[in-house]
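Participant: Using the hints, position chain B against chain A.
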Amino acid sequence: MNEIEHYVAPSSLEQAAEYLQRSGEVTLLAGGTDLMPQSQSGKLKIKRTLMNIHQIPELKGITIEGGEIRIGALATITEIMQSELIQKHLPILIEACDQFASDQIRNAATLGGNICNASPAGDMLIPLLVLDAEVELASKPNGSLTRRRLRLTEFFVGPGKTRRAPAELLEGVRIALPPPHHYARFFKFGTRPALDISTISIGIAGVLNTGTLSNVRVAFGAVAPVPTRAPRTEQALEGRHLDAAAIDAIAAVARDEVKPIDDIRATAWYRKELIHNITKRMLTHVAQA
Amino acid sequence: MNGAEKKARFIAPDTLIGKRIPKMDAPEKASGKTRYIHDIDLPGQLYGKILRSTRVHALIKSIDTAAARALPGVHAVITAADIVNQRPIGVAKDHFPLKTDKVRSLRDEVAAVAAESEQIALEALKLIRVEYEDLPILTDPAEALKPGATLIHPEPRQPGGQDALKPSGPVAFTGKPDNVAMRFDYCHGDVVQAEAESDVVVEDTFKLHYVTHCCMGVSGMIADFDSSGNLIMYSNTQVPFLHKREFAEYLNMDPARIRIIQPAIGGGFGSKLDIYPFEVICVFLAQAAKRPVKLVFTREEEFISSPTRQPVLLTLRSGCKKDGTLTFRVVNTLHDNGAYTSWGATTPFVMMQTFSSLYRVPHCDYHTTAVYTNNPYAGSFRGYGNLQATFAVEAHMDKLAEAIGMDALDFRLKNAQAQGEVTGQGMEFDSCGFKECLDTAAERSDFRRKFAENLKNRNSSDPIKHGVGIASMLHVGGGAKIYPSDGCGTILKLDDFGQVTLITGASEIGQGSETVLSQLVCEELGLPMSALTVVNNDTAITPWDVGVHASRTTFIAGNSALGAARLAKAKVLAAAARKFECPASDLDLRGGHVIKAASGEALIDLPRLMRNLHFSDKAELVMTTFYYEPPSSYQDKRYKGNVSAAYAWASQVVEVEVDTETGIVKMTRITAAHDVGRVLNRLGIEGQIEGGVVMGQGYALTESLIIENGVTRNPNFRDYKLVTAPEIPEIDITFIETMDGEGPQGAKGVGEAPAICVAAATANAIYNATGVRIYGLPFTPERVYRALHGKGEKLVPLTAKAA
Chain A
1 MNEIEHYVAP
11 SSLEQAAEYL
21 QRSGEVTLLA
31 GGTDLMPQSQ
41 SGKLKIKRTL
51 MNIHQIPELK
61 GITIEGGEIR
71 IGALATITEI
81 MQSELIQKHL
91 PILIEACDQF
101 ASDQIRNAAT
111 LGGNICNASP
121 AGDMLIPLLV
131 LDAEVELASK
141 PNGSLTRRRL
151 RLTEFFVGPG
161 KTRRAPAELL
171 EGVRIALPPP
181 HHYARFFKFG
191 TRPALDISTI
201 SIGIAGVLNT
211 GTLSNVRVAF
221 GAVAPVPTRA
231 PRTEQALEGR
241 HLDAAAIDAI
251 AAVARDEVKP
261 IDDIRATAWY
271 RKELIHNITK
281 RMLTHVAQA
Chain B
1 MNGAEKKARF
11 IAPDTLIGKR
21 IPKMDAPEKA
31 SGKTRYIHDI
41 DLPGQLYGKI
51 LRSTRVHALI
61 KSIDTAAARA
71 LPGVHAVITA
81 ADIVNQRPIG
91 VAKDHFPLKT
101 DKVRSLRDEV
111 AAVAAESEQI
121 ALEALKLIRV
131 EYEDLPILTD
141 PAEALKPGAT
151 LIHPEPRQPG
161 GQDALKPSGP
171 VAFTGKPDNV
181 AMRFDYCHGD
191 VVQAEAESDV
201 VVEDTFKLHY
211 VTHCCMGVSG
221 MIADFDSSGN
231 LIMYSNTQVP
241 FLHKREFAEY
251 LNMDPARIRI
261 IQPAIGGGFG
271 SKLDIYPFEV
281 ICVFLAQAAK
291 RPVKLVFTRE
301 EEFISSPTRQ
311 PVLLTLRSGC
321 KKDGTLTFRV
331 VNTLHDNGAY
341 TSWGATTPFV
351 MMQTFSSLYR
361 VPHCDYHTTA
371 VYTNNPYAGS
381 FRGYGNLQAT
391 FAVEAHMDKL
401 AEAIGMDALD
411 FRLKNAQAQG
421 EVTGQGMEFD
431 SCGFKECLDT
441 AAERSDFRRK
451 FAENLKNRNS
461 SDPIKHGVGI
471 ASMLHVGGGA
481 KIYPSDGCGT
491 ILKLDDFGQV
501 TLITGASEIG
511 QGSETVLSQL
521 VCEELGLPMS
531 ALTVVNNDTA
541 ITPWDVGVHA
551 SRTTFIAGNS
561 ALGAARLAKA
571 KVLAAAARKF
581 ECPASDLDLR
591 GGHVIKAASG
601 EALIDLPRLM
611 RNLHFSDKAE
621 LVMTTFYYEP
631 PSSYQDKRYK
641 GNVSAAYAWA
651 SQVVEVEVDT
661 ETGIVKMTRI
671 TAAHDVGRVL
681 NRLGIEGQIE
691 GGVVMGQGYA
701 LTESLIIENG
711 VTRNPNFRDY
721 KLVTAPEIPE
731 IDITFIETMD
741 GEGPQGAKGV
751 GEAPAICVAA
761 ATANAIYNAT
771 GVRIYGLPFT
781 PERVYRALHG
791 KGEKLVPLTA
801 KAA
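Taken in sequence, the protein lines are chains A and B. No gaps in the numbering here: position 48 of the first sequence is 48 in the numbering used here, and each next residue is one more. No gaps in the numbering here: position 335 of the second sequence is 335 in the numbering used here, and each next residue is one more.
Calculated directly from the structure, the hints in this document are not laboratory data. Treat the hints with care, since some could be wrong.
The calculated DSSO-like cross-link candidates involving lysine-lysine, where the alpha carbons are at most 30 angstroms apart (straight line), are [stated by the list, open to error]:
| no. | chain 1 | residue 1 | chain 2 | residue 2 |
| --- | --- | --- | --- | --- |
| 1 | A | Lys280 | B | Lys791 |
| 2 | B | Lys666 | A | Lys280 |
| 3 | B | Lys791 | A | Lys259 |
| 4 | B | Lys571 | A | Lys272 |
Label-pair restraints from in silico Cβ distances [what the hints assert, rightly or not]:
| no. | chain 1 | residue 1 | chain 2 | residue 2 | range |
| --- | --- | --- | --- | --- | --- |
| 5 | B | Asp134 | A | Thr63 | 54 to 64 angstroms |
| 6 | B | Glu708 | A | His181 | 47 to 57 angstroms |
| 7 | B | Arg773 | A | Thr267 | 18 to 28 angstroms |
| 8 | B | Asp101 | A | Asp98 | 53 to 63 angstroms |
| 9 | B | Asn709 | A | Ile4 | 27 to 37 angstroms |
| 10 | A | Ile4 | B | His38 | 17 to 27 angstroms |
| 11 | A | Thr267 | B | Gly687 | 30 to 40 angstroms |
| 12 | B | Ile464 | A | Arg163 | 40 to 50 angstroms |
| 13 | A | Asp98 | B | Pro154 | 54 to 64 angstroms |
| 14 | A | Gly42 | B | Arg638 | 46 to 56 angstroms |
| 15 | A | Gly61 | B | Arg682 | 47 to 57 angstroms |
| 16 | A | Gly42 | B | Asp101 | 22 to 32 angstroms |
Some chain A residues judged to face chain B by a derived CB distance under 7 angstroms, without partners named [to be verified]:
| no. | residue |
| --- | --- |
| 17 | Thr191 |
| 18 | Arg192 |
| 19 | Pro193 |
| 20 | Ala194 |
| 21 | Leu195 |
| 22 | Ile264 |
| 23 | Ala266 |
| 24 | Tyr270 |
| 25 | Asn277 |
Please read all numbers here as calculations on a predicted model, not as lab measurements. Quick reminder that beta carbons are idealized off the backbone N, C-alpha and C, glycines included.
This is chain A alone, in the form it adopts within the complex:
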């Protein structure tokens, strides 16, 4: 039976942080698209207090501030997809939104939820990793609102596990405006184009200069306990002229770098093959860009 004892819906970040500080036994509800199925299936137990964070204005909006794009934790996938700011500066996020679940889920699901759910296959996480996004966490440890920033690469610790403390609230993400000639692409592989969990996903970003990428960032999804950057692949790719031989070599590094598992969606062997073949395909596009 339903064991939720309290329901709270704070109307400000202060209130929410205060409540979280007082009681750790809180489950946060944003879009609910992960929370509901996970609690129904028994995978996740809702704590004594359910906090609906939907009415907290500080968690909303997509803005540009001091050379950074800030996306509020409550921004839905649909909002991001329709944002002109994102379209202009961070089109890789649109690519990910476009492959995110279904229209209905995109209308409800929030970016903050996708991040805090910390699925190794989370669709928005790979593009955010290659954009070197930072998460902004708010709390009220000693009577005043405090914020800390953490690079997304350091945020994930395991499937469904992050460095967010129980008293903290994810306020939003901040992404530095990409430099000129920035190139960033995302590829998700699933058995169907909609409503699918990635078999694998790949993000590649860098500054493009006649067939080479510099300041390279590569991230892979669904091949490790957390969505992960791929330093060896990045190193192999950094500044390298992308001829056929180089692309082959880099794709091989990528395949060797990932450590996927067998599950009902795919075997580890097949995931490694996909990482190799799709990395190769994406780099061929870079070479032609």
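Facilitator: Chain B alone, transformed into the frame defined by chain A:
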């Protein structure tokens, strides 16, 4: 000017046949007003929930329900021990609704609760303690056949004595000496001789997987006893009249005291042909609680405890001569029956038809062994074994053609059945548009050109390969004579407003039967569709029908409705003839009027004539009844006979893109040519074809119920992947109208046909694209990728002995 001088009105001939008529229930469904079982609540109703086994195969040592019974709000907790004389259910009577001493699969029902809310019922389930003792698990049908294998249905141990198998009686009482649930052996001709005379022989083994129906409406029912002890069931069954009789047997009741009402049914596809434990348990709960009980599945329960399509391991050996004449087929199949026997075990009835009779095969041997395992059990599912059989047959049509260097289409045309043929199995093809289907599908898809072009491009550097494949199917299209009657009754009532009530035994399960039946009646009576009301969901009202199965409703119920309409028309015209003092043959019905047949001049509107009839001193009602029994015959013991009054044919061409770097197969176009006899409702039949094709696409590409060691690993729509809208290819549909002599207005059944050959054609298309043939389904990216890289699953051939 007086009435007699009123200007004569003429009504031009018109027809409803072949028109695009929206389904009568569409506005209700589209606006969310349709009332499904979920929407129905009876006063005083309780909620039922079932406790299922947590073990795949185990002895039940004890069940403690004390805490559950003590929970406030709980009205009944039942186990097998609470049911006196529980009767086994199912096709082989091997299945107790509530398990007695043993659970044989993970879906097994151990206890059930009726409570004031679903939440309380669920809470009560958690309080039931069951102690199990695990038994060895059998999930491989080949293992289950080996001597010494654990028996799934051993003879129940007698209280003080020896085990001794009793010769008769239900399996659940007498047990089985081995794990064989059913065997089928069919033959015509001499395959040994035929093989010796063949120029080419091919043999392959195919593995067909588990899929399930995924009806949008999950299973559910309400059981209610009235104060006289009569049982009213609100049920989603596809076969209400058969179930009435069967429930009576299981409940030890007089069938006359059972009434089945069907609320709108959210899809059937064959899943609701058998009686399942939950239905009997729901009645037990209502008996125990003395209150109406509603039991509706969750989606997870629907996945775990619904029947599956029959998984099949199949070895096919085929031969032909150099000139392209087919010589023989030998088929051995192993059916994984699961723990209990439902209709899945009997799919050989249909499978053998495809092997023996889709193409002209002079010699054919067919053998099936259906074997008990601890897996989920297989039921009937749109196509009824034909998807599996067609998958193998059509692979061999391609392979044989290639082996003798003959064009794949020419090879098929050479061996295709034609009108007037009687097959080795005794099927008589009074109408047969098979060759037209082949030609049409091939022409409309430009099959030959694309086939040759794709072969040339197989070794190009582009990782995306294009393929085109063709496959065809034969399926019953005029009912299937397997029950004491294959008939359907109709009552037709014309009221004093000229409104017609069509009371038919045929159930509507979303397939559009009430629309097409109304159309046939309206056509006959010259009425608009708006004049029709259909009553089709209450055994206390409707006349007998065998049920919705075997693509029979349009044909059988259509002929029945037509028969009743013709009687009504004769009655109305006879009355008009008396009134207008002319022969009835001079009159006709058109546009809601009695008209002069020759000129179309309207004589009287139907409502007025009806009132004249009703409210006169010789009062007469126009109510007619008709029972239609098709002129088909039962199969003999060797499975021979003309079981259907008509047969449906189709050819489909599937075009694919295979990404060789990921293994993903994208369907780009499907060209379908279907011999449907005649198109009645064009909109409805297009919907049937499109829906069936997409179901076939799911079977071919994405759908798979993953069962590991008896456990369903993906009981949800996240991991059980139905096809979604973006993947549905362009579907080009052509109807071949062969005007079947026995069909209503020439029509034949088409319900199952469109799903049958998609997977077979897809396999051929992948081969055309890549040169790699894949023998197992579904063609998921990883399966295809593995096959392309020589890492495909190796299948061990079945020999006659092994099967």
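Participant: Next, verify each hint and record whether it holds.
Facilitator: Status of the hints after comparison with the structure:
1. For the hint pairing Lys280/A with Lys791/B, the CA-to-CA distance comes to about 22 angstroms; that is within 30 angstroms, so the pair holds.
2. Under the criterion of a C-alpha separation no larger than 30 angstroms, the hint pairing Lys666/B with Lys280/A is consistent with the structure, at around 21 angstroms.
3. Proposed proximity of Lys791/B and Lys259/A is supported: the alpha carbons are some 21 angstroms apart, at most 30 angstroms.
4. Between Lys571/B and Lys272/A the CA atoms are separated by roughly 76 angstroms; this puts the pair beyond 30 angstroms, and the hint is violated.
5. The given range of 54 to 64 angstroms is respected by Asp134/B and Thr63/A, whose C-beta atoms sit roughly 60 angstroms from each other.
6. As the Cβ distance of Glu708/B to His181/A is approximately 49 angstroms, the hint placing it in 47 to 57 angstroms holds.
7. In this structure the supplied range 18 to 28 angstroms holds for Arg773/B paired with Thr267/A, their Cβ-Cβ distance being about 22 angstroms.
8. Separated by about 55 angstroms at the C-beta atoms, Asp101/B and Asp98/A satisfy the suggested range of 53 to 63 angstroms.
9. Distance hint for Asn709/B and Ile4/A: a CB-CB separation of about 36 angstroms, consistent with the stated range 27 to 37 angstroms.
10. Taking 17 to 27 angstroms as the suggested C-beta distance range, the pair Ile4/A and His38/B conforms, at roughly 25 angstroms.
11. Taking the beta carbon of each, Thr267/A and Gly687/B are about 39 angstroms apart, inside 30 to 40 angstroms as hinted.
12. Here the CB-CB span from Ile464/B to Arg163/A is close to 42 angstroms, well matched to the stated 40 to 50 angstroms.
13. At roughly 57 angstroms, the beta carbons of Asp98/A and Pro154/B sit within the given window of 54 to 64 angstroms.
14. Taken as a hint, the range 46 to 56 angstroms holds for the pair Gly42/A and Arg638/B, whose Cβ atoms sit roughly 53 angstroms apart.
15. For Gly61/A and Arg682/B, the hinted distance range of 47 to 57 angstroms is satisfied, since their beta carbons lie about 52 angstroms from each other.
16. Hint check: Gly42/A to Asp101/B, Cβ distance near 29 angstroms, so the stated range 22 to 32 angstroms holds.
17. For Thr191/A, the suggested interface contact is upheld, since its CB lies about 6 angstroms from the closest CB of chain B, less than 7 angstroms.
18. With its C-beta approaching chain B no nearer than about 6 angstroms, Arg192/A sits inside the 7 angstroms limit, and its interface hint holds.
19. Taken as an interface hint, Pro193/A checks out: its beta carbon lies about 5 angstroms from the nearest beta carbon of chain B, inside 7 angstroms.
20. For Ala194/A, the shortest C-beta to C-beta distance to chain B is roughly 5 angstroms, which falls under 7 angstroms, so the interface hint holds.
21. About 6 angstroms separates the beta-carbon of Leu195/A from the nearest beta-carbon of chain B, less than 7 angstroms, and the hint is met.
22. The beta carbon of Ile264/A comes within 5 angstroms of a beta carbon in chain B, closer than 7 angstroms, and the hint placing it at the interface holds.
23. Satisfaction of the interface hint for Ala266/A is found here, the shortest Cβ-Cβ separation to chain B being roughly 5 angstroms, below the 7 angstroms cut-off.
24. At its closest, the beta carbon of Tyr270/A sits 5 angstroms from a beta carbon of chain B; the interface hint therefore holds under the 7 angstroms criterion.
25. Given the 7 angstroms rule on beta carbons, the hint for Asn277/A holds: about 4 angstroms separates it from the nearest Cβ of chain B.
Of the numbered hints stated above, the single one contradicted by the structure is hint 4.
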